[in-house]
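J.: Here the protein sequences come in this chain order: A and B.
Numbers 1 to 351, taken from my numbering, label the letters of the first sequence in order.
Numbers 352 to 708, taken from my numbering, label the letters of the second sequence in order.
Please keep in mind that the hints were generated in silico from the structure rather than gathered at the bench.
Be careful, since some hints might not be right.
[Claimed, not checked] Pairs of lysine to any residue residues, derived as SDA-like cross-links and limited to a Cα-Cα distance of at most 25 angstroms, are as follows:
#1 A/32 x B/519
#2 A/209 x B/419
#3 B/404 x B/426
#4 B/613 x B/515
#5 A/32 x B/593
[Said to hold, decoys possible] Only part of the chain B face toward chain A is listed, based on derived beta-carbon distances under 7 angstroms:
#6 381
#7 664
#8 683
#9 687
Ideal Cβ placement from N, Cα and C applies to all residues, glycine included.
Listed below are the residues making up each chain.
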Amino acid sequence: MSALMETTPAAPLHRASPGLWTLAWRRLKRDKIGMVSLVVVVFFLLLMVGAYSGLVAKNWSKEVGVSYSNPSFMAGAENLEAQQAGAVDKSAKVPYVDLSDIDPLAPKYAEWAKRTAEIKITDTPRADTLLFGGDKWGRDVIQKAIKGAETSIFVGLVAALLATLIGTMLGALSGYMGGRVGDALEWFYNVFTSIPYILLILAFAAVFKRGIDTIIFILAFTGWTGIYRLVRAEYIKHASREYVKAAQAIGASHTRRMFVHILPNVSHVCLVQLSQHVVQFIKAEVILSFLGLGVPVDSVSWGTMLAEAQSELVIGKWWQLVAASVSMALLVTAFSMLTDSLRDALDPKIK
Amino acid sequence: MGAYILRRIAQMVPTLAGVMLLIFVLFNAVGGDPALVLAGKITNKEQIENIRKQLGVDQPWHVQMGYFAFEVATGFNCTWRSFNDKPDAVKADTKADAKAQAAAKTDAKAAPNAAPPSGCQAVRSWATNEEVPKILATRIGPTLTIMIPVLVLETIFAVLLAIGVAYVRGTLTDRMIMMICTVAMSISFLVYIIVAQYYFGFKWGVFPVQGWSDNFWKNVVTYAPLPIMLAIFVGLAPALRLYRSFFLDEINNDYVRTARAKGLSENVVLLKHVMRNAMLPIITNVGIALPGIFVGSFLLEVFFSIPGLGREVLVAVNRSDFPVIKAATVYLAMFTMIINLTVDITYKAIDPRVSFK
Numbered sequence: 001m002s003a004l005m006e007t008t009p010a011a012p013l014h015r016a017s018p019g020l021w022t023l024a025w026r027r028l029k030r031d032k033i034g035m036v037s038l039v040v041v042v043f044f045l046l047l048m049v050g051a052y053s054g055l056v057a058k059n060w061s062k063e064v065g066v067s068y069s070n071p072s073f074m075a076g077a078e079n080l081e082a083q084q085a086g087a088v089d090k091s092a093k094v095p096y097v098d099l100s101d102i103d104p105l106a107p108k109y110a111e112w113a114k115r116t117a118e119i120k121i122t123d124t125p126r127a128d129t130l131l132f133g134g135d136k137w138g139r140d141v142i143q144k145a146i147k148g149a150e151t152s153i154f155v156g157l158v159a160a161l162l163a164t165l166i167g168t169m170l171g172a173l174s175g176y177m178g179g180r181v182g183d184a185l186e187w188f189y190n191v192f193t194s195i196p197y198i199l200l201i202l203a204f205a206a207v208f209k210r211g212i213d214t215i216i217f218i219l220a221f222t223g224w225t226g227i228y229r230l231v232r233a234e235y236i237k238h239a240s241r242e243y244v245k246a247a248q249a250i251g252a253s254h255t256r257r258m259f260v261h262i263l264p265n266v267s268h269v270c271l272v273q274l275s276q277h278v279v280q281f282i283k284a285e286v287i288l289s290f291l292g293l294g295v296p297v298d299s300v301s302w303g304t305m306l307a308e309a310q311s312e313l314v315i316g317k318w319w320q321l322v323a324a325s326v327s328m329a330l331l332v333t334a335f336s337m338l339t340d341s342l343r344d345a346l347d348p349k350i351k
Numbered sequence: 352m353g354a355y356i357l358r359r360i361a362q363m364v365p366t367l368a369g370v371m372l373l374i375f376v377l378f379n380a381v382g383g384d385p386a387l388v389l390a391g392k393i394t395n396k397e398q399i400e401n402i403r404k405q406l407g408v409d410q411p412w413h414v415q416m417g418y419f420a421f422e423v424a425t426g427f428n429c430t431w432r433s434f435n436d437k438p439d440a441v442k443a444d445t446k447a448d449a450k451a452q453a454a455a456k457t458d459a460k461a462a463p464n465a466a467p468p469s470g471c472q473a474v475r476s477w478a479t480n481e482e483v484p485k486i487l488a489t490r491i492g493p494t495l496t497i498m499i500p501v502l503v504l505e506t507i508f509a510v511l512l513a514i515g516v517a518y519v520r521g522t523l524t525d526r527m528i529m530m531i532c533t534v535a536m537s538i539s540f541l542v543y544i545i546v547a548q549y550y551f552g553f554k555w556g557v558f559p560v561q562g563w564s565d566n567f568w569k570n571v572v573t574y575a576p577l578p579i580m581l582a583i584f585v586g587l588a589p590a591l592r593l594y595r596s597f598f599l600d601e602i603n604n605d606y607v608r609t610a611r612a613k614g615l616s617e618n619v620v621l622l623k624h625v626m627r628n629a630m631l632p633i634i635t636n637v638g639i640a641l642p643g644i645f646v647g648s649f650l651l652e653v654f655f656s657i658p659g660l661g662r663e664v665l666v667a668v669n670r671s672d673f674p675v676i677k678a679a680t681v682y683l684a685m686f687t688m689i690i691n692l693t694v695d696i697t698y699k700a701i702d703p704r705v706s707f708k
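With the rest of the complex left out, here is chain A:
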C-alpha cells in the first residue's frame, strides 16, 4: 500500500516526440532560401491586407500626375505625351461670341452664372513626375501595382483555397470510399481532365459574367483535378493502414476516420498543393485579366496593367510594364521557392 503511495508521478520516461509540423517548421527554419521566401510572401500578404483595408494605396485611382508622368529619376526626359495633353487643354478654349440678342435662352444667363458660381472647382495640381511614373490618366504606377497585387493575390489565394477544398473533399471521398462512389468521382475527374485546361476555362468564362467572384469560381472549379488525384492516392494508401482499422474497431464513423484520423496525415500534401496552386492561379488570373475575361474594368490587377503597358511600350513608356512584371515576378519567385522548401520540409521520408 505504502509502496503504491510512494510512487510519485515520475517524469515520463520519454518526452513526447515532435510531430510532423514541429519537425517541418524546424527544417524550414534551417532553410535560408525558404525563410527569405517566407518573409517576401508574408510581406506581400501584409501588403494585400493593407491595400484591402485602405492603409496603403488608398488613392490609387486619383489622377495625381500629368498623363504618362515621368518617373522622378528621369525628370528631365522628354515627354511628348504629357506636353500634348497640356496643349490640348489650352487650345480647347473657344473665342467668346455674344449671341444674347438672338439666343432664346438669354434670360436664363444670369441664373446659370449664379449657379455656376456656387459650384466650387478645385483644380488639383498635377505633378510633373511621380516616383515611378504615371499611367495614361496620371495615376501613380506604384500605387496601381500595390492595388493590383491586392486583386491578383486575393484571387489566387481564395481560388487556391477553394480548389484545395474541392480537390481534398472529392479525393478523400473517392480514395476512402472506393466502389461506386469512387467510380462516379473518377468519371467526374475524367470528364474534367479530358477537356484541354485552357478550353475548359474559356468555356466557363464564356457563360459567366465578368467579376472577381466569377474568376475565383472559374479557377477553382477547373483547377481542382490535380489535387484530387494526389489526395485520392494518399487516401487509398491510408485507408488500409492499421491506425484507421483501429479507429474503426473503437467505433469511429466514416466521416470521423476520413477527416479526423486520416486528414491530418495527408494535410502536408494539401498544403504543398495549396501553395503551388496559388502561384498557378495568380499567373492564370493575370492572363485572363489581360484578355479582358478577368477582373471588371473599374478595378486594377497586374493583368490589366500589362494590357495597358502593351500599347504604352510602343510610345516608350516602360514603367508600368516594369512595375507590374517585377512585382509579380518577385512574389511568384518567392512563392515557388517557398513551395519547394515546404515540400522538402514536409517530406516525411527526410528525418
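Mind docking chain B on chain A? Use the hints.
T.: Chain B only, in chain A's frame:
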C-alpha cells in the same frame, strides 16, 4: 492488347457523354437562354419566341440534349420539326402524333440514306454564320504550324540541356541554372511576348510584328519563327527543371554504380544507361503535352494574329458565339482521349515492362 484497346474505347463512351453533359449544362442552363444571347437587342417577344423555336430551346431538356448529341455526331443542327423526319427520332418520342409517324415512316422508306434530314442545316457560328466544322478545319492548320515545331524543338533542347545540367549536378553552375529557371518561370508569359514583340518586331524589325499568310512556306519562314522561339524559350525552364529531376532520379540507381564499377566513362553511363531509362518519364510527359498542341498557345495566336484554333475560341468567347466554343470543346476532348490512348499503346512498344491491365 486488342481487349485492352476495346476496353479503353468502351471507357471513353461515358467520359465523352459526361463532357457533352457538362458542356450542355454550362451553355444551356448556366449560360442563360441562348435565344436571348442570340437575339441581342431584339426585345420583340414574338421574334424571341421564333428564335427559341429555331434553336429548339422551347423543347424539354432531354430533347435538347438529343439535338446536341446529333449535332456533335453529324455536324448538323436539326430542330424538332425537321427531326421528325428521322424514323428513330420518332420512335424516341412516343407522344408524336400518329400521322407524323406514318409520314416519317414513308419518308424513311423513300429515302433511307437521305442525309442530312430535310430542314437540317450545318451548325453555324452565331457571329459570322460560317459553318462550324469548316471553321475548326481551317483553323487547325496554323495552330499546328506553330505547335509541332515547338513541341519537337523544346523536347530536344530540354533533354540536351538536362543531360548537361545532370552532368554537373551539385555544382555552382547547376544551382545557378536552376535559380535562373525559377526566376524565368515566375515572369508572366505576357511579359515575354510584349517585350519580344517590341524589340524583335517593332524596334529591330527582325521579324514582322504580327501577321499570317496563305502560303505555308512563307508562314514558316517569316511569321512563325518569333512565336515559335518565344514558346520554346518560355517552355524550356519548366521542362529543364523536370527533366533534370528525371535524370537525377536515375543517377542514384544500382545499375549506374555497376556501370561505373566496370569502368565505363561518365559519358557512356549518362548518355547510354541513364538516358534510356530517363526517356520513359520524358516520353510520358511529352504524351501529356501532346493534346495541348491542338489548342495551341492561344496567347501567341492572339498577339501575333495567327488565325489558329485558340484565337478562334477566344474570339468566340468574347462575342458569346456558343456553337463555336461548344464544338471546339467537345471535339478537342475527343481528340485528347484518342491521343491519350495512342500514347498509352505506344508506351508498350518503348517499355516492354509495361503490361496492359
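J.: Confirm or reject each hint.
T.: Results of checking the hints against the structure:
no. : hint          : verdict
1   : A/32 x B/519  : 23 angstroms, holds
2   : A/209 x B/419 : 24 angstroms, holds
3   : B/404 x B/426 : 19 angstroms, holds
4   : B/613 x B/515 : 23 angstroms, holds
5   : A/32 x B/593  : 23 angstroms, holds
6   : 381           : 5 angstroms, holds
7   : 664           : 6 angstroms, holds
8   : 683           : 6 angstroms, holds
9   : 687           : 5 angstroms, holds
Hint violations for this structure: none, all hints satisfied.
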